[in-house]
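Under full-length UniProt numbering, residues 1 to 613 are what the sequence shown spells out, in order.
In short, the hints are calculated from the structure, not lab data. Check the hints yourself; a few may be wrong.
Taking lysine to any residue and the SDA-like style, the derived pairs with C-alpha atoms no more than 20 Å apart in a straight line are [as the list claims (entries may be wrong)]:
hint	residue 1	residue 2
1	K416	L467
2	K423	Q390
3	K382	K333
4	K599	I567
5	K428	N384
6	K333	G450
Nothing here was measured: the structure is a model prediction, and the numbers come from that model.
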Amino acid sequence: MSTAELIKRRSQFCKLNEYTIMPPIYYIKDGNLSFADKVILSDLELYLYKGDKICLIGRNGCGKSSLMKVISGDYELDNGELFQDPAITTGYLRQDISIKTNLTVYDFILQQTDSTKEIDKYQIDIILEKLQINGTDNLSTYSGGQLRRASLAKALILEPEILLLDEPTNHLDIETIEWLEEFVKSYNGAIICVSHDRTFLSNVTNKIWWLDRGILRKSDKGFKFFDEWQNVIIEQEEAALRKLNKKLSQENEWLNAGVTARRKRNQKRLAELKALRVITREQTEKLASSKQRVRAELAENIAKSKFIIEADNISFSYKNTKIIDNFSFRVKKGEKIGIIGANGSGKSTFIKLLTKQLTPDLGKIIYGGNLDISYFDQHREKLNFNHTLQQTLCPTGGDQVFLPNGQTMHVAGYLKQFMFNPKLLNAKTAILSGGEANRLLLAKILINPGNLLILDEPTNDLDMDSLEILLDILADYSGTLIVVSHDRDFLDRLVTRTLVFAQGKIHDLTRGYEDYKQYFTTTPIVKKLSKPFPLIPQKPINKKLSYKYQRLLETLPNDIEKLEISIKHLEKELEDVNLYLDNPTKYNHITNQLINDKKKLDELLNQWLEIQN
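Make the full structure from the sequences, and use the hints.
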């Protein structure tokens, strides 16, 4: 069928909105996709409209990535009707990033760019600054998380009409995630997003595509309504299954009647009964799988003392930069503590101090007796890529996992709890994807979680089902938990206390993320926070300002005004769209100066606010 014929036919599938009749920019009808003998997608039907913000959800291995690759053009359907408006472009942020690392960030973003689409160079730098990367950096120096942020920047900057995002919040801090939410909500094109971040999906999506047991279910409501919608579907299926079981019971009564069942004229009914049994069994298994929640039993050694960690005025610097300054805190047995803060604010350094990988420059950390620390490293440094999955979980040999409660479990059954196929038992860990490696390391650590479990970004690369399993396990864990995470919903559902790394200070809040957000919205960040333990020693308040502060009070307004004028001037220069091409050195100098001026202005405004308070 020609493009003209497809354009004519798609008028059948128009959406009426408040202003106009809008045809889909992309659709699939009766689509099928399979690999070898395995059916991935069948009888697929979907329509994508401009302005759609769709969350694509489903269990691990259900075909989400395959569907994204069909829409991106990486995969072709075996058969079916597919239409894409020839005037639109598609961008794709993949979960596993593959980038040529001999490029600068600018070159990476601008390569293979549609020549018909002008890119605002100033807009590039705004997005790069928000994602905490520099356009002149060489990608060869970047970590996996930085490469992922560079790929996200490219996807956003090119502004395709269809934007596919696979786990866009991975390796972002909470402040950046909130900026990304606003960007996505105001995006003019269509977005399809796969994410484990429930808060992100609730805040940005207006539709749901749910790949459930081979069926693509669709809802015109956003993810915040998913649980309610899912429960309705499961209740309907349970009612249908009850009817099916009732019919099966009636048929069994007929079969047991005896003589009638042996007559030839009833052979057809016997065949129907056998088929009914198969259908009932399949429906029961499918319904059970949709409601599956795996729980792992953890038995912990109990620390003897009330406080298992006490830090007394610890400080730590790296290359003359103060990371942690004069910080004191205590951790009680059984607490569940969340840690949040911007990338580079000192969270991972703090964890390394707690796990004795680093030593404080000043102060000391005291540990309770019988303390057994288990540590999940976000960089997965504890996996041996030459070992198989079975060797990883059974290092002494055999096929049994020895659980801390004294029980044993077959390694295949244990791996199944973490959504691994038993066929992978003898596969090397090197072949695992990021999400699979993450799950395996969690499975390994949770065999012996000790009585202090420290997790550094455990939700990176997990899908939603894996995340629910992890939440179930940690909610039942009776030891002490310290977890660094950017996942707001995860923290709200788990922790009772939060350490916030913000503006060079550590704030201790006896609450979750939503309470923290409300607190910092209503309270200037420079004010000292109410807290259960002293964090940063406070000097007695002197109502009379010192000479230093009197002087700052006089000079700051003028300094702030000068910086504001400089920023406006630099922004005006960057409005020249030819500047980057004509004089890249000058362009880089101006952008770096603009970034530095904005940082300096932020510092001066905070100083001014602190003195005023």
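Structure-based check of all given hints:
| no. | hint | verdict |
| --- | --- | --- |
| 1 | K416 with L467 | holds, 15 Å |
| 2 | K423 with Q390 | holds, 11 Å |
| 3 | K382 with K333 | violated, 26 Å |
| 4 | K599 with I567 | holds, 11 Å |
| 5 | K428 with N384 | holds, 9 Å |
| 6 | K333 with G450 | holds, 12 Å |
Hint 3 alone, counting from the list given before, is not met by this structure.
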